[in-house]
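Colleague: Letter by letter, the chains look like this.
Number of protein chains: 2
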Amino acid sequence: MKTARRADDIEPFRVMAILARAREMQAAGRDIIHMEVGEPDFATPTPIVEAGIAALRAGYTHYTPALGLPALRAAIAAYYGERYGVDIAAGRVCVTPGASGALLLAMAALFDPGEEILMADPGYPCNRHFARLVEARAKGIPVGPETGYQLTAELVARHWGPRTRGVLVANPGNPTGMLISATELAAIHAEVRARNGWLIVDEIYHELVYDAAPASAAGLGEDVLIINSFSKYFLMTGWRLGWMLVPPALLPSIDKLAQNLFLAAPTVAQHAALVALTAETRALLDQRKAELRLRRDALLPALSRLGFAVKTAPQGAFYCYADVSRFGMAAEQLAERLLLDAGVAITPGTDFGTHQASRHVRFAYTTDLQRILEALRRIEAVLA
Amino acid sequence: MKTARRADDIEPFRVMAILARAREMQAAGRDIIHMEVGEPDFATPTPIVEAGIAALRAGYTHYTPALGLPALRAAIAAYYGERYGVDIAAGRVCVTPGASGALLLAMAALFDPGEEILMADPGYPCNRHFARLVEARAKGIPVGPETGYQLTAELVARHWGPRTRGVLVANPGNPTGMLISATELAAIHAEVRARNGWLIVDEIYHELVYDAAPASAAGLGEDVLIINSFSKYFLMTGWRLGWMLVPPALLPSIDKLAQNLFLAAPTVAQHAALVALTAETRALLDQRKAELRLRRDALLPALSRLGFAVKTAPQGAFYCYADVSRFGMAAEQLAERLLLDAGVAITPGTDFGTHQASRHVRFAYTTDLQRILEALRRIEAVLA
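Chains A and B, in that order, are what the protein sequence lines are. Residue 1 is where the first sequence starts when you use the numbering used here, and the numbers rise one by one after that. Residue 385 is where the second sequence starts when you use the numbering used here, and the numbers rise one by one after that.
Please note that a few of the clues may not be correct.
[What the hints assert, rightly or not] If you want the ones that stay clear, here's a sample from chain A, every Cβ over 12 Å from chain B, calculated:
#1 A90
#2 G238
#3 S325
[Said to hold, decoys possible] The calculated SDA-like cross-link candidates involving lysine to any residue, where the alpha carbons are at most 25 Å apart (straight line), are:
#4 B:K386 x A:A194
#5 A:K139 x B:D496
#6 A:K139 x B:A633
#7 A:K2 x B:A633
#8 B:K386 x A:G114
#9 B:K386 x A:R163
Calculated from the structure, these hints are not laboratory results. Ideal Cβ placement from N, Cα and C applies to all residues, glycine included.
The shape of chain A in the complex, shown without the other chains:
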């Protein structure tokens, strides 16, 4: 029986096949070091968990409004004031089931079939698939170390075509952890605005920037859609909670789409997130962030020593994106070899686009430092 063409076009995460195989090997007794998964290894901090428990005990098990608990929307708005000095109306905050829910709403609200959204290649694979879902088209723009693997205003202007309606950037990006400078982002915004297009900025790794304190694109203006998540810095992956700052004119559309597409984000997660945003919890989260930074600082020079060419030192997230050309095999082949021979799971670049994808791999430093050092020893032995 016939299925939708999009079901053929949308690709599985290649990393899932690696993960499945790694788990089989583990089940067979093999010790596997997981550096493939884009999920922090830390459990959700206790105050957040306790807030979730308190919410369940209090009987908060019904739906919330589609745009989220009013108190959480207000707390997220206040967070932009405290953290970034940007004044955001609580009414602009849409609480979503993960950043995934926000991407779904944004694509559904903005883009008609055949319309184009520019995005960096390499980039987070789901972005192009959300575009595909609504029959719009993600146009991947090849980027490399010369632009920090990010779009620039010049690239946006050059690639904007008659059917282009928007630009999506992730700051910092996945798989590279690289930032766009404030100046460049403002210039991109100006290019997009001049063309009456939409700018979507994914800031889900924005709190995980180690050597800088970048501004949020929320400060660029109310016309920018800002997507964020409680999954990464806030360590709440399995709770499935994110948010979006919505341009005021889009709010009625986003509200009705949220009502229809998911009703509301999970209630217990929304109550727990209220505590995630407090100064006390953020002090705990900053400790985890410091640990992530230590891992990066150990991993990065070691990878270079082993011949993995990380061409721009990642500034944030928990990834190193490395050129593996010098090993004389394609990324998928190398990833397989490291899994089989070293028991180290990593992600081939082919999960992130097509531009030089099979020359790159992504290491996620989402396992503890001792394990990362062990992984490096094993990789060295295999590649020697």
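Start from chain A and add chain B according to the hints.
Modeller: Chain B alone, transformed into the frame defined by chain A:
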């Protein structure tokens, strides 16, 4: 700036405006009886809540696999064996963020732009909007009391056109609570199968059938997509958890779509749901179901007495769908009058389609019996 056409086409729930107004009136001190909301008033039963708390304490805060916790998939499969005598492979179970997640996956996997899905009018409004999301077309078939407000094999055959690719039925249906007979559903399945189409059966209210023990459409064959939810009978609305039984050939597509569109359903909800499916918990849930039945049995004759024409006695769910022609005003006007003058919130039929929609309203018996009786007294006074 231009937005997507679908953002204009997708309608808000009209009930949301009523709900917002009702809340304003409550905030101003008015006593409002809520019979508009499609959500049970009961809190999640204690054993399920305790299982959620235990999962949080155990640190189950990370992502699960995209198709769900293996133990939950197995438990859901086993439930079909115990409850319906149907043997389901656990591998066919996809755990989703609510039935909404299942509808999203089904529409995304099956239907290309311009293709048609037949569904009953009146029906659950989100169904047509999920079709719209992926640029497919929901073709609403007018149904009335003569077919129990359900599609029939004859209607399917008559309305099947060159672009039709599937049929979605809800059994029992919302807003009417009416069942399709096993014979009729088998005949619909045969019509769909003969045309190489897809049959999707929404069984989210299937455990809330009061005077019969209908068979699940899961028994019709592996080619039928069955959608269900932990929200209604299992009283877990705010947890956002549902599931879908997937035809084996579709599993790879559904898996990669789930990975890309929502990563996984909420983890704590999945652990709690394991306890929701046990015999002990179902005994508690059956007590709530008995209470819903008492409400229906009180509401139904009283509505008739007041002049609301409920043309077929609802067999399940928690709704009464009534013709209000004799009151000489449109449904939205009547709903407004009952809200303002009686302090009773109900849903106009216009939320459920276009066929005679402004002649009907929906009463949800999702508030306790005493309040329902009070609502009836107030309505009687206003309409007298």
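Colleague: So, for every hint listed, does it hold in this structure?
Modeller: These are the hints, each one checked on the structure:
1. A90: holds (16 Å)
2. G238: It is violated; G238 (chain A) is separated from chain B by about 3 Å at its closest Cβ, not greater than 12 Å.
3. S325: holds (29 Å)
4. B:K386 x A:A194: holds (13 Å)
5. A:K139 x B:D496: holds (21 Å)
6. A:K139 x B:A633: Not OK: K139 (chain A) and A633 (chain B) at ~30 Å, beyond 25 Å, violated.
7. A:K2 x B:A633: holds (11 Å)
8. B:K386 x A:G114: Given that 25 Å is the threshold and the Cα spacing comes to 14 Å, the pair holds.
9. B:K386 x A:R163: holds (12 Å)
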